[in-house]
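A.B. asks: Spelled out, the chains give:
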Amino acid sequence: MIAFVLRRLVQSLSVLIAMSLLVFVGVYKIGDPIEMLVSQQAEQSEKDTVRRNLGLDQSLTAQYASFLRGAVSGDLGKSFAHGVPAIGLILEKAPATFELAFVAMILAVSVGIPLGLVAGLRPESALAKLIMAGSILGFSLPTFWVGLMLIMVFAVQLGWLPSTGRGETVTIFGVPVSFLTLDGWRHLLLPAVNLALFKLALLIRLTRAGAREALATDYVKFARAKGLSNTRVIGVHVLKNIMIPIVTVIGLEFGSVIAFAIVTETVFAWPGMGKLLIDSINILDRPVIVAYLLVIVCVFVLINLIVDVLYSLLDPRVRIGTSASGH
Amino acid sequence: METKPNLALPAAQIPLTAEHWWREKARDFAASKIALAGLVLLVLIVTLALFAPQVSPQNPYDLSKLDIMDSKLPPGAKSGDGGLTFLLGSDEQGRDMLSAILHGLRISLAVGVASTLIALSIGLIVGLVAAYRGGWVETLIMRIVDLQLSFPAILIALILLAVLKQGVDKIIIALVTVQWAYYARTVRAAALVEKSKEYIEAARGLGFSGGRIILHHLLPNCLPPLIVVASVQVAHAIALEATLSFLGLGLPITEPSLGLLIANGYQFLLSGKYWVSFFPGVALLLLIVALNIVADQMRDVLNPKFAGR
Chain A
559 MIAFVLRRLV
569 QSLSVLIAMS
579 LLVFVGVYKI
589 GDPIEMLVSQ
599 QAEQSEKDTV
609 RRNLGLDQSL
619 TAQYASFLRG
629 AVSGDLGKSF
639 AHGVPAIGLI
649 LEKAPATFEL
659 AFVAMILAVS
669 VGIPLGLVAG
679 LRPESALAKL
689 IMAGSILGFS
699 LPTFWVGLML
709 IMVFAVQLGW
719 LPSTGRGETV
729 TIFGVPVSFL
739 TLDGWRHLLL
749 PAVNLALFKL
759 ALLIRLTRAG
769 AREALATDYV
779 KFARAKGLSN
789 TRVIGVHVLK
799 NIMIPIVTVI
809 GLEFGSVIAF
819 AIVTETVFAW
829 PGMGKLLIDS
839 INILDRPVIV
849 AYLLVIVCVF
859 VLINLIVDVL
869 YSLLDPRVRI
879 GTSASGH
Chain B
183 METKPNLALP
193 AAQIPLTAEH
203 WWREKARDFA
213 ASKIALAGLV
223 LLVLIVTLAL
233 FAPQVSPQNP
243 YDLSKLDIMD
253 SKLPPGAKSG
263 DGGLTFLLGS
273 DEQGRDMLSA
283 ILHGLRISLA
293 VGVASTLIAL
303 SIGLIVGLVA
313 AYRGGWVETL
323 IMRIVDLQLS
333 FPAILIALIL
343 LAVLKQGVDK
353 IIIALVTVQW
363 AYYARTVRAA
373 ALVEKSKEYI
383 EAARGLGFSG
393 GRIILHHLLP
403 NCLPPLIVVA
413 SVQVAHAIAL
423 EATLSFLGLG
433 LPITEPSLGL
443 LIANGYQFLL
453 SGKYWVSFFP
463 GVALLLLIVA
473 LNIVADQMRD
483 VLNPKFAGR
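Note that the protein sequences, when read in sequence, are chains A and B. Sequential numbering from 559 applies to the first sequence in the working numbering. Sequential numbering from 183 applies to the second sequence in the working numbering.
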């Protein structure tokens, strides 16, 4: 178990180093953040001062070395644009993103699994065909465009829901959240639906495939032969056995939901870390980009760990850390 | 396994030449009416995109043909000089949306197909080498593949483009970078299965070179799963390019793909001028749906697990 966790950590660390190097080399070679930060009319001397203050006058290796020195002690540098620690900036925006991602995931799971079960249990019915057609559509719809269309219909045409922002928040344990106020929900609904759509389609297909496979197995046939009720066969025998792949996918997809939140946040002007990333990329605010990557990598490590633990709980055959990972 | 009544011989006795095999798969494909409809739609879209300069009512890039007085006209309106009907409306600069969409389709398709072909070639070579060589080469390659696939494609592409900046070549580099690993993994898995079969051993026994065995024996037999992955990935590549362009990180304004057209309409959406964003999105949606339907059926047809279902 410990070796397994260590290997994961080393892997993630190498991803982080590769990505941060890429960002460093990129910002060093291609863009000049100074041009974005200082006004066009500024004197050369003024630009030089800013450059020196940000440490951008040093060589690439010196810059990266000082970044590594700081990173070891938890300091990822100050944002070029905002002048405050980058990691603080990201962490301040993180709750909004996580809230959006959680609500989207809950939405996808609570709608996707029942629909997938219906489609899998009666694959020839009209309803199943409709669900599957819907899931192909859900797969094909580009997230950002769906977001625009949601805004067009529900915010512009019908005027039911607001199109941007996060709305009223309540602070619990020092973290501002939207889901406790009505206004917060009004703001949350459209972005969450937008973000959930793709995962919803995925879960429908996964559940359907799992249900079809489970229905054909001997233990389900035997359970039916024993005269167990339909509800019990489906609720216990079928559902339990399709939960393993579904839990894995839910876990792994959560990371991609957070990544895709970048798009949804941009469309709905949702003040999360994805929008901050896009803004920072546009002005080449390197410390913020690197800090975002660090947070994302940590989230991924955590998710993978949780999924592996859940996996071993659901399937006793799986032993964490051994080479037999139950495939 | 065979369900077709016109075949009197059991499957095992049919002389299975490559040509015969492909013809049989084509027949399986055509068995689904939805898949056939998807294919027709796809062919139609590709044809329209290829001949965009010939079929569009207007050259959307020729600024001298545009009249600012025709700005943001609704669908069906006539241009100021009465010469042109804007079937799908016009944009801010008085550009015919239908023409812009046809040209945008061309760019989206070109970028999607080009990046898929390059990624496929790289993945094919890397995957075959990994499977054939084994040892530390394989371990190294597969580690990189696993590492990359554990990260969302959009994030890698975003960071790459942040560094590379806009451009057709840049977005193709980004799309290839995020896609090659899928192919490498698929090819390696297929090649490992094939490698242990007797015909490869026979080829080795005959003293053929490694390169010849890879090219003439392994490669053709690894193609079916690769085609399945590629057909899904083209749709992904196109959607990803549109998303990146929408975020302002993909294609430059001089080469407006569908994603950029949608982004341009974003600002007019709130004032109710929906058509500037809506119709490019519909075009993108139709293209991706058609690709996904075709890919779905291809997977069913080419996957031995589902054969004869």
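Any given hint could be a false lead.
[What the hints assert, rightly or not] Some but not every residue of chain A turned toward chain B, in silico, with C-beta under 7 Å:
#1 Phe-582
#2 Gly-584
#3 Ser-603
#4 Thr-607
#5 Ala-652
#6 Phe-656
#7 Ile-694
#8 Phe-697
#9 Met-710
#10 Val-805
#11 Gly-809
#12 Val-821
#13 Ile-839
#14 Ile-841
[Said to hold, decoys possible] Quick list of in silico lysine-lysine cross-link-like pairs, DSSO-like style, CA-CA up to 30 Å:
#15 Lys-377/B / Lys-207/B
#16 Lys-687/A / Lys-207/B
#17 Lys-347/B / Lys-687/A
#18 Lys-687/A / Lys-798/A
#19 Lys-798/A / Lys-779/A
#20 Lys-605/A / Lys-455/B
#21 Lys-455/B / Lys-254/B
#22 Lys-779/A / Lys-687/A
#23 Lys-247/B / Lys-377/B
[Claimed, not checked] If you want the footprint, here are the derived chain A segments under chain B, 3+ residues with CB under 8 Å:
#24 570-580
#25 703-709
#26 844-857
Keep in mind that the hints were calculated from the coordinates and are not lab data. Glycine is no exception: its CB is placed at the ideal position from the N, C-alpha and C atoms.
A.B. asks: Is it true that the CA of Lys-605/A sits at most 30 Å from the CA of Lys-455/B?
C.D. replies: Between Lys-605/A and Lys-455/B the Cα gap is close to 43 Å, so the pair fails against 30 Å, i.e. violated.
A.B. asks: Min Cβ distance, Val-805/A to chain B: is it shorter than 7 Å?
C.D. replies: violated (17 Å)
A.B. asks: Are Thr-607/A and chain B close enough, Cβ to Cβ, to be under 7 Å, as the hint says?
C.D. replies: With a minimum Cβ separation of about 26 Å from chain B (threshold 7 Å), the hint on Thr-607/A is violated.
A.B. asks: At a threshold of 7 Å, is the proposed contact between Met-710/A and chain B supported by beta-carbon distances?
C.D. replies: Hint holds; Met-710/A Cβ to chain B Cβ min 5 Å, cut 7 Å.
A.B. asks: Is the straight-line distance between the alpha-carbon of Lys-687/A and that of Lys-798/A 30 Å or less?
C.D. replies: Within the cut-off at roughly 24 Å; holds.
A.B. asks: Under a C-beta cut-off of less than 8 Å, do 3 or more residues of the region 570-580 of chain A approach chain B closely enough to confirm the stated coverage?
C.D. replies: This one holds; 4 residues, not fewer than the three required, reach chain B with a Cβ under 8 Å.
A.B. asks: Can Ile-841/A be said to touch chain B, with a Cβ gap under 7 Å?
C.D. replies: violated (11 Å)
A.B. asks: For the hint on Phe-697/A, just tell me whether its beta-carbon gets within less than 7 Å of chain B.
C.D. replies: holds (6 Å)
A.B. asks: Is it true that the CA of Lys-377/B sits at most 30 Å from the CA of Lys-207/B?
C.D. replies: Since the Cα atoms of Lys-377/B and Lys-207/B sit roughly 24 Å apart, the hinted pair holds (cutoff 30 Å).
A.B. asks: At a threshold of 7 Å, is the proposed contact between Val-821/A and chain B supported by beta-carbon distances?
C.D. replies: It holds, given that the least Cβ distance between Val-821/A and chain B is near 6 Å, below 7 Å.
A.B. asks: Against chain B, is Phe-656/A within 7 Å by beta-carbon distance?
C.D. replies: Check failed: Cβ of Phe-656/A comes no nearer than 16 Å to chain B, outside 7 Å.
A.B. asks: With a cut-off of 30 Å on the C-alpha distance, tell me whether Lys-455/B and Lys-254/B pass.
C.D. replies: holds (7 Å)
Of the numbered hints stated above, those contradicted by the structure are hints 1, 3, 4, 5, 6, 10, 11, 14, 17, 20 and 23, listed in ascending order.
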